[in-house]
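2 protein chains.
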Amino acid sequence: MSDRIKFLLEESALPTAWYNIVADLPEPPPPVLHPGTGQPVGPDDLAPLFPMALIQQEVTTEPWVEIPEPVRQVYRQWRPSPLYRARRLEQLLDTPARIYYKYEGVSPSGSHKPNTAVAQAFYNKQEGVKRLATETGAGQWGSSLAMACAFFGLECKVFMVRVSYEQKPYRRALMETYGAQVIPSPSTETEAGRAILAKNPNSTGSLGIAISEAVEVAAKDPETKYSLGSVLNHVLLHQTVIGLEALQQMEMADDEPDIIIGAAGGGSNFAGLAFPFIGRKLRGESNPRVIAVEPAACPSLTRGKYAYDFGDTGGLTPLVKMHTLGSQFVPPAIHAGGLRYHGMAPLVSHLYELGVIEAVAVHQTEAFAAGVQFARAEGIVPAPESNHAVAAALREALRCKEEGVSRTILFNLSGHGHFDMQAYMDYFAGKLEDYEYPEEEIAMALAGLPSVNA
Amino acid sequence: MSDRIKFLLEESALPTAWYNIVADLPEPPPPVLHPGTGQPVGPDDLAPLFPMALIQQEVTTEPWVEIPEPVRQVYRQWRPSPLYRARRLEQLLDTPARIYYKYEGVSPSGSHKPNTAVAQAFYNKQEGVKRLATETGAGQWGSSLAMACAFFGLECKVFMVRVSYEQKPYRRALMETYGAQVIPSPSTETEAGRAILAKNPNSTGSLGIAISEAVEVAAKDPETKYSLGSVLNHVLLHQTVIGLEALQQMEMADDEPDIIIGAAGGGSNFAGLAFPFIGRKLRGESNPRVIAVEPAACPSLTRGKYAYDFGDTGGLTPLVKMHTLGSQFVPPAIHAGGLRYHGMAPLVSHLYELGVIEAVAVHQTEAFAAGVQFARAEGIVPAPESNHAVAAALREALRCKEEGVSRTILFNLSGHGHFDMQAYMDYFAGKLEDYEYPEEEIAMALAGLPSVNA
Numbered sequence: 001m002s003d004r005i006k007f008l009l010e011e012s013a014l015p016t017a018w019y020n021i022v023a024d025l026p027e028p029p030p031p032v033l034h035p036g037t038g039q040p041v042g043p044d045d046l047a048p049l050f051p052m053a054l055i056q057q058e059v060t061t062e063p064w065v066e067i068p069e070p071v072r073q074v075y076r077q078w079r080p081s082p083l084y085r086a087r088r089l090e091q092l093l094d095t096p097a098r099i100y101y102k103y104e105g106v107s108p109s110g111s112h113k114p115n116t117a118v119a120q121a122f123y124n125k126q127e128g129v130k131r132l133a134t135e136t137g138a139g140q141w142g143s144s145l146a147m148a149c150a151f152f153g154l155e156c157k158v159f160m161v162r163v164s165y166e167q168k169p170y171r172r173a174l175m176e177t178y179g180a181q182v183i184p185s186p187s188t189e190t191e192a193g194r195a196i197l198a199k200n201p202n203s204t205g206s207l208g209i210a211i212s213e214a215v216e217v218a219a220k221d222p223e224t225k226y227s228l229g230s231v232l233n234h235v236l237l238h239q240t241v242i243g244l245e246a247l248q249q250m251e252m253a254d255d256e257p258d259i260i261i262g263a264a265g266g267g268s269n270f271a272g273l274a275f276p277f278i279g280r281k282l283r284g285e286s287n288p289r290v291i292a293v294e295p296a297a298c299p300s301l302t303r304g305k306y307a308y309d310f311g312d313t314g315g316l317t318p319l320v321k322m323h324t325l326g327s328q329f330v331p332p333a334i335h336a337g338g339l340r341y342h343g344m345a346p347l348v349s350h351l352y353e354l355g356v357i358e359a360v361a362v363h364q365t366e367a368f369a370a371g372v373q374f375a376r377a378e379g380i381v382p383a384p385e386s387n388h389a390v391a392a393a394l395r396e397a398l399r400c401k402e403e404g405v406s407r408t409i410l411f412n413l414s415g416h417g418h419f420d421m422q423a424y425m426d427y428f429a430g431k432l433e434d435y436e437y438p439e440e441e442i443a444m445a446l447a448g449l450p451s452v453n454a
Numbered sequence: 001m002s003d004r005i006k007f008l009l010e011e012s013a014l015p016t017a018w019y020n021i022v023a024d025l026p027e028p029p030p031p032v033l034h035p036g037t038g039q040p041v042g043p044d045d046l047a048p049l050f051p052m053a054l055i056q057q058e059v060t061t062e063p064w065v066e067i068p069e070p071v072r073q074v075y076r077q078w079r080p081s082p083l084y085r086a087r088r089l090e091q092l093l094d095t096p097a098r099i100y101y102k103y104e105g106v107s108p109s110g111s112h113k114p115n116t117a118v119a120q121a122f123y124n125k126q127e128g129v130k131r132l133a134t135e136t137g138a139g140q141w142g143s144s145l146a147m148a149c150a151f152f153g154l155e156c157k158v159f160m161v162r163v164s165y166e167q168k169p170y171r172r173a174l175m176e177t178y179g180a181q182v183i184p185s186p187s188t189e190t191e192a193g194r195a196i197l198a199k200n201p202n203s204t205g206s207l208g209i210a211i212s213e214a215v216e217v218a219a220k221d222p223e224t225k226y227s228l229g230s231v232l233n234h235v236l237l238h239q240t241v242i243g244l245e246a247l248q249q250m251e252m253a254d255d256e257p258d259i260i261i262g263a264a265g266g267g268s269n270f271a272g273l274a275f276p277f278i279g280r281k282l283r284g285e286s287n288p289r290v291i292a293v294e295p296a297a298c299p300s301l302t303r304g305k306y307a308y309d310f311g312d313t314g315g316l317t318p319l320v321k322m323h324t325l326g327s328q329f330v331p332p333a334i335h336a337g338g339l340r341y342h343g344m345a346p347l348v349s350h351l352y353e354l355g356v357i358e359a360v361a362v363h364q365t366e367a368f369a370a371g372v373q374f375a376r377a378e379g380i381v382p383a384p385e386s387n388h389a390v391a392a393a394l395r396e397a398l399r400c401k402e403e404g405v406s407r408t409i410l411f412n413l414s415g416h417g418h419f420d421m422q423a424y425m426d427y428f429a430g431k432l433e434d435y436e437y438p439e440e441e442i443a444m445a446l447a448g449l450p451s452v453n454a
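The listed protein sequences derive, respectively, from chains A and B.
Residues in the first sequence are numbered from 1 upward in steps of one, following UniProt numbering.
Residues in the second sequence are numbered from 1 upward in steps of one, following UniProt numbering.
Please keep in mind that the hints were generated in silico from the structure rather than gathered at the bench.
Some hints could be false.
Identical copies go unnamed one by one, so any copy, or any two together, can satisfy a pair.
[Unchecked claim] Derived pair list, reagent style DSSO-like, types lysine-lysine, alpha-carbon separation capped at 30 Å:
id	residue 1	residue 2
1	Lys125	Lys401
2	Lys130	Lys199
3	Lys125	Lys6
4	Lys431	Lys125
5	Lys305	Lys199
6	Lys130	Lys220
7	Lys220	Lys281
8	Lys199	Lys220
9	Lys281	Lys401
10	Lys305	Lys125
11	Lys431	Lys281
12	Lys305	Lys401
13	Lys305	Lys281
None of these values were measured; they are calculated from a predicted model.
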């Protein structure tokens, strides 16, 4: 075992291909369905929204997809990202566990999101697209796509959930610094937005609504395509660069994770770290526990239903089979922890159904307490989303201490919290409450699932 | 010339000693004086404020000072920091210049400040100190010292300039996340603070006042020492780790800087990058132009006087010979660019007097325009302080274009602007004005210099 705290790869170790877990699955995930016909969608159905290269990646069963050189050139600015051994944290906890974290906050926009934003901007530019439309909640995704669009000379239009637009002006300022146009959602620019505002003029928005708006804009304008920051197969594919590097770095550390942890909203940062390790697990080469950590205030894996659902509130997207709380679900306003999407990536959902991965839900006060403990030991202030992974890692490290067992824990520190200090202030001021959904509320949210499930 | 964009050193290339430019100076800098006697101060005069190890570093003439292993262990988390070639920026400017930047925003607190904060916390801990008191303006220094204190188990008390305390709650939240106590200055906790408040109950504070408060707390409490984030010789010494790495990285790039640029407030990030290169210049091994860039709203080098002055407003510190605008000087409230200290590090001032370095002043709208251009090309949003260096680098790069000459420009990107987005918003909203001091105002500020100069 090395006594180092940082495991940095040479630039030459930057992966040349993304890993596609579909190739190693014991059974393929259920198809995506057209909401009108109930039949599987084909590439042509998706062509108004995405460039053909990404549609092909969405359905490919090849195990490796080559990373284009211009994308790798941008990746090289901050990749390979560091893997750290959290020695000061281990000492603070007095645990026999060895805790490692892969740190994605080194990207210029501060999270793992540019791994796919850069790739998506590249493919769109290559196919002559002029403008990308997208949605953002906390703003990690919007700022990453804004940056990627600036790099490749694309315009960028971001529908930002209104409550975030108002409460997080600095995230908005970041997107505008990169040159993006930021619009509070629901807006009057789209039919979907106007329909919501007609029902509720004071709507503070949701990710599902913002997705409807961005999808509508792309569907109606041939020069604009749509870009999604999580959930879809090609997004998870691009994020596997994280785990592919971590595999090499754990080897440098001469160690092997017993437990792999990632926070899960739509599922992309979890998948990014975990899929390459899960691939080995599926091939019988190792057998780690793999844990997706979600907020108790948005518990799609632990309390949602595995069913066909829309990806957005307006019902404009195809139907995907996933763990969902229903496309009308909105987490309580008090929830400051991010990860607010109603559904979970189909591939992550599928692996959960197969029993390959576990899931736990963490309340936000536990998540923030873990984040503060981590910051004092390691210096990095995690994003609220990442705090969920930190909390689960602390649980496992303390279990090691109780049981007197040393285990190797690896988690994804998906981003820093520099744009989320208001949430930390609210936590210190005792303003963050934990919300546990009563069964009836979950059942009510699920009652609206589309009829294709019947 | 390499076609790479990133030059990363192996961990083994992390410097083992800091470089002391005093050893290479053609004449020593003038001594620090006791304000009462007008005689040079000795170590005993400084002992109430600083641990003996740092006092020794303040006066040593040895060329190298060993970096203790526990400090290097912390440095290794983010050091060696990356050196980048700004290729996308070069393309955008269509300049024949080669632009490199050393990026210090990779530290957990986001700037170069931990290079000295960690060292200072270590030496204080080693000498049994319980608590450090300090001041902070924009908050880069306070948050870095707060973090370093958390690492070494010291308490940390930060006097934060009141206007920043109120306008930058997120910087304060960052310090509190690290466990520091943050007090708006002027405060009622000190005689210096109470004296200011008696004269002006609505005082919004200044760095000079906050220094007086922190110095007073340390001088009165044997368990508390004082810690300064710039100006002093030992602070500049610790920052030379930046330039020592950059020397190796420019060699990796097979290039040699013709122009070296750093923003200068107190002078530490400028010195950190420049001193190792200036050492070579003093030894006749190379002859780059070296440019300190200051804000036009706080022009100590370009419009101040080279004279003995206090380091603080209250007159509690020894007298140091430096370029100063007078210890009562406070930049206009409209100035959002940081670098607000009334004086300049004695070593930097001395080099300027010797004609070894140049100085330029940049207005803040030019600085922010440069920062936005940089962000869209390179992804990193610079701190307002760093924007001054970016602006000067752009000037030189455009001069290369006009003259049709290729030069190699190296500048220090001392930190990111994640906690300074309000300043960017104000810039976008057209709220930032440029302030040019009339001669009379400068003359008035200088009229109060202490009598030792007579």
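Here is what the structure says about each hint:
1. In this homomeric assembly, Lys125 and Lys401 come within 30 Å of each other (Cα to Cα) only across copies, at 29 Å, whereas the closest approach inside a single copy is 51 Å.
2. Taking the shortest alpha-carbon separations for Lys130 and Lys199, neither the intra-copy value of 33 Å nor the inter-copy value of 60 Å comes in at or below 30 Å.
3. In this homomeric assembly, Lys125 and Lys6 come within 30 Å of each other (Cα to Cα) only across copies, at 24 Å, whereas the closest approach inside a single copy is 36 Å.
4. In this homomeric assembly, Lys431 and Lys125 never come within 30 Å of each other (Cα to Cα): the closest approach is 44 Å inside a single copy and 35 Å across copies.
5. For a Cα distance limit of 30 Å, the shortest separation of Lys305 from Lys199 inside one copy, 27 Å, qualifies, whereas the shortest one across copies, 67 Å, does not.
6. For the homomeric pair Lys130 and Lys220, the shortest alpha-carbon distance inside one copy (14 Å) is at most 30 Å, but the shortest distance between copies (65 Å) is not.
7. In this assembly of identical chains, the alpha carbons of Lys220 and Lys281 never lie at most 30 Å apart, being 43 Å within a copy and 62 Å across copies at closest.
8. Taking the shortest Cα distances, Lys199 and Lys220 sit within 30 Å of each other inside one copy (23 Å), while across copies they are farther apart (65 Å).
9. In this assembly of identical chains, the alpha carbons of Lys281 and Lys401 lie at most 30 Å apart only when taken from the same copy (26 Å versus 56 Å across copies).
10. Taking identical chains as interchangeable, the C-alpha atoms of Lys305 and Lys125 are never at most 30 Å apart, the minima being 37 Å within one chain and 55 Å between chains.
11. Within a single copy, Lys431 and Lys281 get their C-alpha atoms no closer than 42 Å, and across copies no closer than 57 Å, so neither meets the 30 Å cut-off.
12. Proximity of Lys305 to Lys401 under the C-alpha cut-off of 30 Å is found in neither arrangement, the shortest distances being 35 Å within a copy and 62 Å between copies.
13. Taking the closest pair of Cα atoms, Lys305 and Lys281 come within 30 Å of each other only inside a single copy of the chain (26 Å); across copies the shortest separation is 69 Å, beyond that limit.
The structure does not agree with the numbered hints 2, 4, 7, 10, 11, 12 stated previously, though it agrees with the rest.
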